[in-house]
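Starting from the known structure of chain A, arrange chain G with the ligand on it as the hints suggest.
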Amino acid sequence: MLRIKSLLIPGVDKKLLVKDATKLMPELSRRRFIAGGASLGALTLLTGCDVSDSFSAESMLTRISKFNDGVQAAIFNPNAMAPTFSEKDIRRPFPFNAYYTEDEAPNIEGKDWKLEVSGLVQNRKSWTLDELYKLPEVKQITRHICVEGWSAIGSWSGTPLRDFLKLVGADTSAKYVWFRCAEDYTSPLDMPTALHPQTQMTFKFDDKILPRAYGYPMKIRVPTKLGFKNPKYVVSMEVTNDYKGGYWEDQGYNSFSGS
Amino acid sequence: MSSMTLSEPSTAPASSKVIQPGWVRTMHWINAVAMIMMIMSGWQIYNAAPLFDFRFSHAITLGGWLGGALLWHFAAMWLLMVNGLAYLTVGLITGRFRKKLLPLTPSGVLTDTRLALTGKLSHADLTKYNYVQKLLYAGIILVGIVVVLSGLSIWKPVQLQWLTALFGGYDVARYVHFAAMAAIVGFLVIHVILALLVPKSLRAMIIGR
Ligand code: HEM
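The listed protein sequences derive, respectively, from chains A and G.
For the first sequence, this note's numbering begins at 1 and goes up steadily by one.
For the second sequence, this note's numbering begins at 1001 and goes up steadily by one.
One chain only, chain A, in its complex shape (with noise of 0.2 Å):
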């Protein structure tokens, strides 16, 4: 009980979050999302919000949104595998997507690149690429789930993130694990989706060197969570208590995401 209530209220004020969130979510968005609610009209009158003031129906469905966030974490089972597919069902080629066309996705130069690891660890060294291939490779064959409704089979390699929180000394009673990317795309991934045995660092799709469309050098492969959970082109991993947002978390999509 006592689990699901701390999950509820990730270490910090509810308002003031709701508050930063929206603050932080791009005006044509937020606009977009009030709109809808207003056009609602009678509807919203049935469920008590006052339609004059459409904050209240956001920050009602923001409220909810939390308690989900809470729900999926109660629910989430570290035992339950998501289900692995042969190399048949791979969908050749994977399709690309993100915020910007493929031309405008980082291009990263991989001698030069580095991961930066902080936060509640031991060990804050940055890691080479090379030293990052050494590390055990493991191999899936997963679905990807967008948020968007389609989804496709990809083959993934790379070393459990939990192999590699073990090997920097985390704080793995910490909430979260906090994921910044070369194109700042961010994303916070709770820690016990962190330690679920098929959470990755993704270094190859298709048996072959992650290509830029797929998140060069490295990419964070969730099988458990929705894509936009699964970030691409990281270049920092902090540990952390704090819950710190996400490009997409703060512009409305549920924070937990699970699948």
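Since the hints were derived computationally from the structure, they do not count as laboratory data.
Check before you lean on any hint, since a few could be wrong.
[What the hints assert, rightly or not] Derived DEER-like restraints, expressed as beta-carbon distance ranges: (1) G:Gly-1169 - A:Ile-209: 44 to 54 Å; (2) A:Asn-79 - G:Gly-1168: 19 to 29 Å; (3) A:Pro-197 - G:His-1028: 27 to 37 Å; (4) G:Pro-1106 - A:Lys-208: 27 to 37 Å; (5) G:Ala-1124 - A:Phe-67: 39 to 49 Å; (6) G:Ala-1182 - A:Lys-208: 20 to 30 Å; (7) A:Ile-209 - G:Val-1189: 30 to 40 Å; (8) A:Ile-75 - G:Gly-1169: 54 to 64 Å; (9) A:Pro-197 - G:Pro-1106: 49 to 59 Å; (10) G:Trp-1162 - A:Lys-244: 26 to 36 Å; (11) A:Glu-102 - G:Gly-1168: 30 to 40 Å.
Cβ coordinates follow ideal geometry from the N, Cα and C atoms, glycine included.
Chain G with the ligand only, in chain A's frame:
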């Protein structure tokens, strides 16, 4: 809601006989609101990755964009599920489903359909459903169960993977979910038209008699 009584009052004099008990009316309208929110937000979600060669007009969707629609969908689902579960429980316990919806025979449905189409179906006793109503109401309860279960299966294809597998996998479950929505919308259109054609049935669903 002082008339919230769980038993079917059958001793009342015929003139003031309760046609729809309070719990049915309450849950019916909660369901109507929840369903409309689920359908309209579902259409907006659909638009993000359409299954077919069309999109729903923005004017009839809820949420404004994918993120907003998902917030509505996963909020209204609680209203729909809690209300639906309560409805199924009370309907089974009080024997209302058995009394109102059974027996449901093909010959009865055929006869009543013919009568309805020729305008000869009687609506004198609204406490008894004719066979067309029985079929539609039993059917829509089943479709309601399918839309919720297929929804859960595409929401949690890992945690509830047995359910997703039951629907034939994630991609098929999406089509099942969509088809169930389409069936509900189809029902809704017929249901509203028929209720307007027999206004006293609508009155009964609002004030009970
Ligand atoms: C507990 C009940 C329900 C749950 C858990 C649920 C869940 C979901 C999920 C997870 C999606 C896909 C989201 C995505 O593509 O990212 C979805 C889509 C959708 N839902 Fe539901 N849903 C429920 C009930 C309903 C109901 C009652 C209706 C309408 C009668 C409905 C209509 C739709 C539609 C039209 C879509 C878009 C189909 C698609 O593109 O895949 N849902 N729902």
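- Between Ala-1124 (chain G) and Phe-67 (chain A), is the Cβ distance one that fits in 39 to 49 Å? holds (48 Å)
- Query: Between Gly-1169 (chain G) and Ile-209 (chain A), does the C-beta distance stay in 44 to 54 Å?
  - Reply: Taking Cβ atoms as reference, Gly-1169 (chain G) and Ile-209 (chain A) lie about 30 Å apart, which means the hint is violated.
- So the hint says 27 to 37 Å: do the beta-carbon atoms of Pro-197 (chain A) and His-1028 (chain G) match that? Roughly 47 Å apart at Cβ, these two residues miss the hinted range, so it is violated.
- Message: Assuming the hint says 49 to 59 Å, is it satisfied by the Cβ distance from Pro-197 (chain A) to Pro-1106 (chain G) or not?
- Response: Because 53 Å falls inside the window, the suggested range holds.
- Does the Cβ distance between Ile-75 (chain A) and Gly-1169 (chain G) fall inside 54 to 64 Å? The hint (54 to 64 Å, Cβ to Cβ) is violated, given that Ile-75 (chain A) and Gly-1169 (chain G) are roughly 21 Å apart.
- Message: Can you tell me whether the CB distance of Trp-1162 (chain G) to Lys-244 (chain A) sits inside 26 to 36 Å?
- Response: This hint holds: roughly 35 Å between Cβ atoms.
- Item | Supplied distance hint 27 to 37 Å, evaluated on CB atoms of Pro-1106 (chain G) and Lys-208 (chain A) | Violated, since Pro-1106 (chain G) and Lys-208 (chain A) (Cβ atoms, about 60 Å apart) do not stay within the stated range.
- Message: A range of 30 to 40 Å was offered for this pair. Does it hold for the Cβ distance of Glu-102 (chain A) and Gly-1168 (chain G)?
- Response: The hinted range 30 to 40 Å holds for Glu-102 (chain A) and Gly-1168 (chain G), with Cβ atoms some 32 Å apart.
- Task: Given the hint of 20 to 30 Å, check if Ala-1182 (chain G) and Lys-208 (chain A) actually sit that far apart at their C-beta atoms.
- Result: violated (42 Å)
- Query: When you take the CB atoms of Ile-209 (chain A) and Val-1189 (chain G), is the distance between them in 30 to 40 Å?
  - Reply: violated (55 Å)
- Could one say that the CB atoms of Asn-79 (chain A) and Gly-1168 (chain G) fall in the range 19 to 29 Å? Roughly 25 Å apart at Cβ, these two residues keep to the hinted range, so it holds.
Consistency with the previously given hints fails for numbers 1, 3, 4, 6, 7 and 8, ordered from lowest to highest.
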